[in-house]
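Student: Just so you know, the protein sequences line up as chains Z and B, in that order. Under our numbering, think of the first position of the first sequence as 27, with each following residue one higher. Under our numbering, think of the first position of the second sequence as -16, with each following residue one higher.
No lab work stands behind these hints: they were computed from the structure. Fair warning: there could be bad hints in the mix.
[Claimed, not checked] Label pairs and their computed distance ranges (CB to CB):
| hint | chain 1 | residue 1 | chain 2 | residue 2 | range |
| --- | --- | --- | --- | --- | --- |
| 1 | B | 259 | Z | 353 | 40 to 50 Å |
| 2 | Z | 105 | B | 11 | 28 to 38 Å |
| 3 | B | 193 | Z | 157 | 35 to 45 Å |
| 4 | B | 233 | Z | 253 | 50 to 60 Å |
| 5 | B | 12 | Z | 118 | 41 to 51 Å |
| 6 | Z | 260 | B | 233 | 42 to 52 Å |
| 7 | B | 73 | Z | 239 | 45 to 55 Å |
Beta carbons: idealized from backbone N, C-alpha and C, even for Gly.
Here are the chains, one letter per residue:
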Amino acid sequence: MADRAPDREPRLALDKVAFLTAFVPYLIAQDGPVTVAEAAAHFGYSEDFVRRSAEQLPMMGLPGESGYGLANDLFDIDYDALERFDELVLTNRVAIDDVPRLSAREAAAIIAGLEILGQDPLIAASADFRSLRGKLRSSAAGEPETPAVGALEIPGFAELRSAIAARRQVRFRYRSSGAATAETRTVDPLRIEGIDASYHLRAWCHLRQAFRIFRLDRIDALELLDSPAAHDAAELDEAISGFTPGEGSTTVTVRFDPVGVELVEGYRPETIEIDRATGVAEMTLVVSAVAVVRRLLAEVPGAVVVGPAEVVAAIRDWSADALSRYAAQRG
Amino acid sequence: MASEAPAEERLFNLILALVASRNGLTKSEILQTVSGYRDRFAGARGKALENLDRQFERDKEALRDLGIRIDTVDDPGDPGNNQRTRYRIPREAYELPDDIAFTPAELALLGLAATVWQEGSLSAESRRALTKLRGLGVAAAEPVVGFRPLVRVAEPALDPLRAAIEARAVVEFDYLKAGEATPTRRRVSPLALALHEGRWLLVAAEADGYRLTYLLRRIVSKVAITRSPAIAPEPDEETQALARLAAFRAGNTARIRVVAGSDAETRLQHRSDTRVLEPQLLEVHWTDLALFADELVALQPEALVLEPPELVARIVRRLEEIEVTHG
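With the hints as extra help, turn the sequences into a complete structure.
Tutor: So, in structure tokens, the structure goes:
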């Protein structure tokens, strides 16, 4: 099984061509009939897309001597098998039998993705990981210019990964965002998820009796326990798919210097308006914590929160409080 | 006018025709015979013919983007006459070499690798690579489930810089140095890209070969790819750049007093190279002064920076600006 939700289809012509160049060798390589559903699951595309692509094949092929393709110059499929059994059988093939090479950039992109996975010591140590880079390079039409990936040094990462692989419980001290004190949690660790530079542990929390997310940089005093984990990643995925974003978020309006427009894109604003005449830019963004606003203010040149009033006041109080501490230190 | 065949059919037909032809096809043969062109070629004159010509040029580019090499052979009796140039795709350059095979476990890992990138060309290209390799028909093993990293940082500068590095071309862009109000124009040879602590970095050389590292986040204009050839990268440019960054970081030391049990304490203490000098007094290293100051501003007031003074000054200046503008 390739992807979990094969409900997609490529949108770009280039991606569709890539699919066709792979689909034909795939059909040729099959020992017996393969169903539309199997092919769709294999490629991670929708059944509808795979069926339409199969129906497209007999319209493609070689120009032929006359310039008007004769039957043998075109691909052909067993229509009967497709209609009655939803099976894919290629009955005439032309020109290609093998999968194409990767472009240098395609190879570079997937090698770079692999390097990110290799930040996980368990993956990096696997034989598959080590064999893949060389194979991908040899699969490319040119020398891949692969972006480098810095090492990941997160305390506790390796221990958590071992616990996940061994399906064992762990215990740690954790201070939730906004909580005054840390609590001891015992959890079934299920998966480490990274988004850009922030890493989270998804786990079943025995204290809360629910699936919870923990920031890795807030986990302290991690211990590996002997007790086996009671829950698995499949249950987790089921729980996540029923999850809807919580309330408690606010829409704030921030004015900023248009020179920083590329910077604010990273915060995924709802709207951005730039008045070229006055040189003023404004954006709105939905935030669930004021910490996001602080980070934005720290990073984006000329950023000022203009509303709502309670967020403006909170920012003012916060900056005044921080400054008083630096003043005290100096004086 | 008959309805036009979809672009992917025309492109696929072009691939098939050029692979199958032993001696290659001239442009006019292609336009007259390959399905997707021939229907538009019949009776086309003037503007329509020019459009078709441009279509053929774009299609050749598209095939190159897919990694397909198109060879051109001049007519020996009429060299230089591009009307008689023959195009072909050499089969050995098109096909994946026979001796390359992937195991089910490798394909499972590739399936995961292709979903790491959430944005831009890296995402599209890694998925395309996976689609092609899935054509080998090897069923993937159960995927590795313990780690799922996603990189969604969207940098508009990334795609043009990748293209420029590949083309070995000098680039120009406006760069907004942290803490400065106006960007300055830079003209550099792009050498390599690196993802470091969640940020994209460009390793580039100035005209005299001096290496500089730029944060893509701070490139605030479009990246212009010039026609000037770039300085060639050293073989391990990225590794060297990452090593330079590590050495630089080790030399940048701050002493910070944190509030016990605060978020600032936990997070600063979790940086891999932080030292606890005494309870709540940390020695912390950073790579980029301005960025580190930004991070610390966001962690106020729970992280009081004692030194160095330039870091304190930046934090205080930014806090003062914020206080004034929110007064």
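Student: Now tell me, hint by hint, if it's right for this structure.
Tutor: Taking the hints in turn, this is what the structure says about them:
1. B/259 to Z/353: 40 to 50 Å: violated (27 Å)
2. Z/105 to B/11: 28 to 38 Å: Hint holds: Cβ distance 35 Å, inside 28 to 38 Å.
3. B/193 to Z/157: 35 to 45 Å: For residue 157 of chain Z against residue 193 of chain B, whose Cβ atoms are near 38 Å apart, the range 35 to 45 Å holds.
4. B/233 to Z/253: 50 to 60 Å: For residue 253 of chain Z against residue 233 of chain B, whose Cβ atoms are near 40 Å apart, the range 50 to 60 Å is violated.
5. B/12 to Z/118: 41 to 51 Å: The hinted range 41 to 51 Å is violated for residue 12 of chain B and residue 118 of chain Z, with Cβ atoms some 23 Å apart.
6. Z/260 to B/233: 42 to 52 Å: Since residue 260 of chain Z and residue 233 of chain B have Cβ atoms about 43 Å apart, the given range 42 to 52 Å holds.
7. B/73 to Z/239: 45 to 55 Å: Given a distance of about 52 Å, which is inside 45 to 55 Å, the answer is holds.
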